[in-house]
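Whenever a hint applies, use it, and build me the whole structure from the sequences.
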Amino acid sequence: MSESTTTLRAPAREVPLFSIRRVWTLAISTLTQLVRMKTFYFLFAFAVLLLAIGNFNFASSPAQALSTVKKVSFGAMDLFAWLFAIVATALLIPRDLEDRTLYTILSKPVRRIEYLLGKLCGVLIVIGISLSVMFVVCAGMIQWKEAGYIAEEIGTTENQITEETRQAILLIQKNGFHPELAIATLASFMKAAVVASVTILLSTFASSSLFTIIISVLVFLVGHAHTMATNFWLAESDNSIVVQMLLKLFKIVIPNFQIFSFSEGIVQGATVMPAAIWQMAGLTGAYLVVFMLLSLLTFVDKEF
Amino acid sequence: MSEPAVEVSNLTKVFSTGLSKNYVVAVDNLSFEVAAGEVYGLIGPNGSGKSTTMKVVLGLMAASKGSAKVFGYESGDIRARNEIGFLPENPYFYKHLSGEETLKFYGKLCGLKGSELKDRIAELLKLVDLEGAAKRRLGGYSKGMLQRIGLAQTLIQNPRLVILDEPTAGVDPVGSRQIRDLILKLKEDGYTVFLCSHLLEQVQEVCDRVGIIFKGRMRREGTLDELIRIESQTAMTLENASPELISKIHDLISSDDAAKVIEEGHPRTTLERLFIQIADQNRKEESA
Ligand SMILES: Nc1ncnc2c1ncn2[C@@H]1O[C@H](COP(=O)(O)OP(=O)(O)O)[C@@H](O)[C@H]1O
Ligand SMILES: [Mg+2]
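As you go down the protein sequences, you meet chains A and B in turn. Residue numbers 1 to 304, in our numbering, belong to the letters of the first sequence in order. Residue numbers 1 to 288, in our numbering, belong to the letters of the second sequence in order.
Note that these hints are calculated values from the structure, not bench results. Since the structure is predicted, the reported quantities are computational estimates derived from the model, not experimental observations.
Label-pair ranges, simulated between beta-carbon atoms: (1) A:T7 / B:A279: 35 to 41 Å; (2) B:G47 / A:I129: 43 to 49 Å; (3) A:S208 / B:S115: 43 to 49 Å; (4) A:G285 / B:S64: 37 to 43 Å; (5) A:S208 / B:E263: 52 to 58 Å; (6) A:T298 / B:G18: 15 to 21 Å; (7) A:T7 / B:S242: 49 to 55 Å; (8) A:D301 / B:N282: 32 to 38 Å; (9) B:G66 / A:A281: 44 to 50 Å; (10) A:L249 / B:K21: 28 to 34 Å.
Covered by chain A, per the in silico footprint, the following chain B stretches (three or more residues, Cβ under 8 Å): (11) 52-66; (12) 182-195.
Even glycine gets a Cβ: it sits at the ideal position worked out from N, Cα and C.
In structure tokens, the structure reads:
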């Protein structure tokens, strides 16, 4: 035999037990995957929608028109973010399994938590980029319309700006662009992050993407009923142990998506409470940690 | 002897199927070792537990009983996987990536970067003869090309052990020839290769040792030569033997009391026959 003549290979280099670089590699690969699945095309659809509502005169006053444009465009952004988070995340892991890329990835020196984090980060990068682009487009659109309405208002007065015109301009500005709108976009992003982590948890044990998508959407919708659920159960019962437990379980298992609802107020021109932002950021972080740990719990012993 | 590359001891893997209390014993008290530097082939028909054994060695599955070690590391340990390159059965990889991008992705996962990664990719593309197709997306690769880019992928981090699940299955004769040549090249380069196949004749020439697995159990193990040799029999392969010579030999044999001719004809794959014999034996045992 030729063993004596060939030299055996040297032991492999040491591997880090956890590596952000590997997470990053997986995230970028997920990003590439989503880009090449042509998911960015919906941005064009969004731009068309925006142009359509921007040039459609359905409101009686400039202030109302601006308010509608804001509501529709930011509503669309929010819808896109959470829906994309669910659908993209639910498709990714089953697809890797089907392609058997999961085998080759997990048989490299990669930890399973790194894989899950990589998928989550990849989806979030896509959502982050899309939301940023959409925000810039929206902001430009609103500011352009705002400037147009103001110019119109000034144009109607011949010589001096009357008090009436001043009031009209103020009203337009009040309904126009505000930097706080960025916070509403941030809220959409964080909401998408939480819903993506819920979807990852589901797809670590569900075998069908459709099931994962449906349950994720349900969790998302039910997650808007925290206050309602609390009130309902408290009113219906004498706080028996069973009800208390159920309520606790609901509050633990279903994330409270109401922490993001203040962003609707921002879009309508309300001022932002810094406390609400901090609460949102803190809870988002906590939810991400909890759901990723739960995902790892089912994924770490999963057999392929 | 140095530490074995793979050490499987009393490995049992049981799958519970469905909701009922049905069990499939995919691997049944299997033990074997793959020495560093050798090419070891696990051979058996479909469903005999080859892939399952490999997945346990890789840590993709947990053993129900027993253990598997890779260069002394428990399987499932990230350091064990660091020493392994794995090519799964019918690999597909990401269709949207080119050959080069695929290698880059796996290289980065293994911690390679910069010019080292670039050089390694160039070296491997050359080794598997895919330099021309490096920039093409895998969606357009043939089965043989996929198998070769898969093989390159297994080697990216310079592992000591290469695990190949059915490396030649579904590949045309030319492609399968190329893959076998590559396996021989790997052995020359000091890699340890652990492969499995249900196609005996395709891998027998590359394997130093083979284990024959059937229904999750090891039935025979040894070098090809040992397995094929039947001590009580002697085979003679003659060239240009005239009919007269053959008849003389027959006369000689019939003059001996003990000896008799069992078979005569042209030589062919004997491992296959051994294999069929084992399957037959098993069937008889079961019907008995
Ligand atoms: N995930 C699984 N769940 C249930 N049974 C399985 C699973 N994987 C393999 N098996 C069963 O285990 C046996 C061995 O399968 P496998 O290891 O794939 O065989 P081979 O690779 O030799 O063709 C088969 O009977 C197969 O049906
Ligand atoms: Mg198999």
